[in-house]
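**Q** The lines below spell out each chain.
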Amino acid sequence: MNETLRRTWPVVLVTIVALLYLWVGTAAHGWDRVWGLAGGVAILAAVALGRRYLAAAVAVLVLGALPLAVITWWSIATPVLAILALVLGWMAIRNVNHTSMLAREA
Amino acid sequence: MQTDVGPPTDRLTAARPVTRRTALQFLGLGVGVVAVAGATGLTWRAIDGGVFATGTGPAYTAWDEADPTGQDPRNLVRAAVLAANAHNTQPWLFIVSGERIELFADMTRTIGAMDPLLRELHLSLGCALENLVLAGPPSGLTAQVVLLPDPADATHIATVTLTPTTASRSPLFDAITSRHTNRGAYDTTRPVTAQQLDALGALVDVPGTEVVWFTTDEEKRAFSNLTVRATEAIIADPQQAADDYRWYRTDWQDIQEMKDGITIDPSGQSAFIRALAKLLPVSQEQNNSGWLTGTRDTQLPTAAAFGALIVPDPRDAAQLVQTGRVWQRMHLAATANGLAMQPLCQIPERIDRETSAGLAPEFGDAAAGMLPAGSHAIMTFRIGYPTATPPPSPRRPYTDVTS
Chain A
1 MNETLRRTWP
11 VVLVTIVALL
21 YLWVGTAAHG
31 WDRVWGLAGG
41 VAILAAVALG
51 RRYLAAAVAV
61 LVLGALPLAV
71 ITWWSIATPV
81 LAILALVLGW
91 MAIRNVNHTS
101 MLAREA
Chain B
1 MQTDVGPPTD
11 RLTAARPVTR
21 RTALQFLGLG
31 VGVVAVAGAT
41 GLTWRAIDGG
51 VFATGTGPAY
61 TAWDEADPTG
71 QDPRNLVRAA
81 VLAANAHNTQ
91 PWLFIVSGER
101 IELFADMTRT
111 IGAMDPLLRE
121 LHLSLGCALE
131 NLVLAGPPSG
141 LTAQVVLLPD
151 PADATHIATV
161 TLTPTTASRS
171 PLFDAITSRH
181 TNRGAYDTTR
191 PVTAQQLDAL
201 GALVDVPGTE
211 VVWFTTDEEK
221 RAFSNLTVRA
231 TEAIIADPQQ
241 AADDYRWYRT
251 DWQDIQEMKD
261 GITIDPSGQS
271 AFIRALAKLL
281 PVSQEQNNSG
291 WLTGTRDTQL
301 PTAAAFGALI
311 VPDPRDAAQL
321 VQTGRVWQRM
331 HLAATANGLA
341 MQPLCQIPER
351 IDRETSAGLA
361 PEFGDAAAGM
371 LPAGSHAIMT
381 FRIGYPTATP
391 PPSPRRPYTD
401 VTS
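Protein chains in written order, with the numbering used here: chain A, 1 to 106; chain B, 1 to 403.
Do not take every clue at face value.
For each label pair, taking beta carbons as the anchor points, the in silico distance ranges come out as [claimed, not checked]:
hint : chain 1 : residue 1 : chain 2 : residue 2 : range
1    : B       : ASP297    : A       : HIS29     : 24 to 34 Å
2    : A       : TRP31     : B       : PRO58     : 20 to 30 Å
3    : B       : THR188    : A       : ALA48     : 44 to 54 Å
4    : B       : ALA37     : A       : MET101    : 51 to 61 Å
5    : B       : THR193    : A       : ALA59     : 47 to 57 Å
Keep in mind the hints are simulated off the structure, nothing from the lab.
Given the structure is predicted, the values throughout are model-derived calculations rather than measurements.
Cβ coordinates follow ideal geometry from the N, Cα and C atoms, glycine included.
Could you build the full structure based on these sequences and the hints that come with them?
**A** See below:
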């Protein structure tokens, strides 16, 4: 597995998960809609933040992933999405942070 | 100096070793792709099945259309379509013409062996008629009802003549959009008092119709046992079970298109079970099992009391329609006072089946022992304080039921 693929695939997959959050948000109503849309945006933002601010990115990831899963735990789908968002999001953030650090050192 | 240069194949192996780390990276990528693909499928199924859209969409817009503006006869029909009715069949058709509204039974929307004598059909039409009459004054109209105006046409249920009046609202009218059948657990710590039951009983204004309450532990046990037995008998009767299941709607697209039938959302089940039922196909057997379990383990044990509307002649169509009006009125009054109600009509449904199919009167005899001599239960139900607000059921709007 080459370096680019190794560093990119978690980013691609967590982006898909973020889009699924946005899809749930557009299909839902009330607070479910708010947390679906906000969650999707927050997960994407977390990956972007990860280049420079690791701790902040992790915080934004958790805040983006969990609320929808908590208030719609009964839906089965959103808890699964939240687990994937946290696992893949953490991998993606760690990867982009490491890459960015190497680039800065170079 | 010695240089160890092996054959070309060895160099290749040495240059690109499949290390444990690389294998784990590929495994991680594979697991990640499969997991995200599965999550995408699950999310699609949840959205397509309406998991996040309870009570929304075209099937539910009728609930938002019942507030009147101006002296418009259509407002009365908009309220009528929100009435209680058997299996959510909505067996009504309206003709609105100037100062008159004609109410007809839609005989294509019966429940077959579940209602072979059309008892529930006439009760349902009575419920619609009550809402229609209650919606008159808020629109500045008084509704005068003539029941069964055409002796040659049994489907012509009522002619309603409208005359202008001063607009006014009533608590019963205001409860129309918040009245829903509550199939969930009731609050067992809050009894319904005898005074509350008497107040509901006082709403019965039809000669010959009475309400009987079952409030003692012994009476409630007898009612519960007979209801469970009737539920089991319906499930064991292939024709009755099939006709019952025909009105269950499990597909979200069907619900939005047909806007009728019994759906999982107002079933009283937990949100988790409702989501599961929307994600996975539900068979008739699973549906029956859920019905029996819900009736036996939740609905019957948590009821504060049971009731029965009784009449001397259960085949009298006019009496059935009028008693339907009474039931709707009682349910609206209960709603206005924070109470929940649910028809539990398995006993009369089984009695009607026995009568129509020539079966031994097992339930007819058992029910007779619980009621005043010479009376027949045409509507049986439970009452209590709700533990949750039930979601609305799908409804066909005004435009779908008028001509």
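**Q** Now look at each hint and say whether the structure bears it out.
**A** Cross-check of the supplied hints:
With their beta carbons about 31 Å apart, ASP297/B and HIS29/A fall inside the hinted range of 24 to 34 Å. Between TRP31/A and PRO58/B the Cβ separation comes to about 23 Å, which falls inside the hinted range of 20 to 30 Å. The given range of 44 to 54 Å is respected by THR188/B and ALA48/A, whose C-beta atoms sit roughly 53 Å from each other. Between ALA37/B and MET101/A the C-beta distance comes to about 32 Å, which lies outside the given range of 51 to 61 Å.
Our hint of 47 to 57 Å for THR193/B and ALA59/A holds, since their Cβ atoms are close to 53 Å apart.
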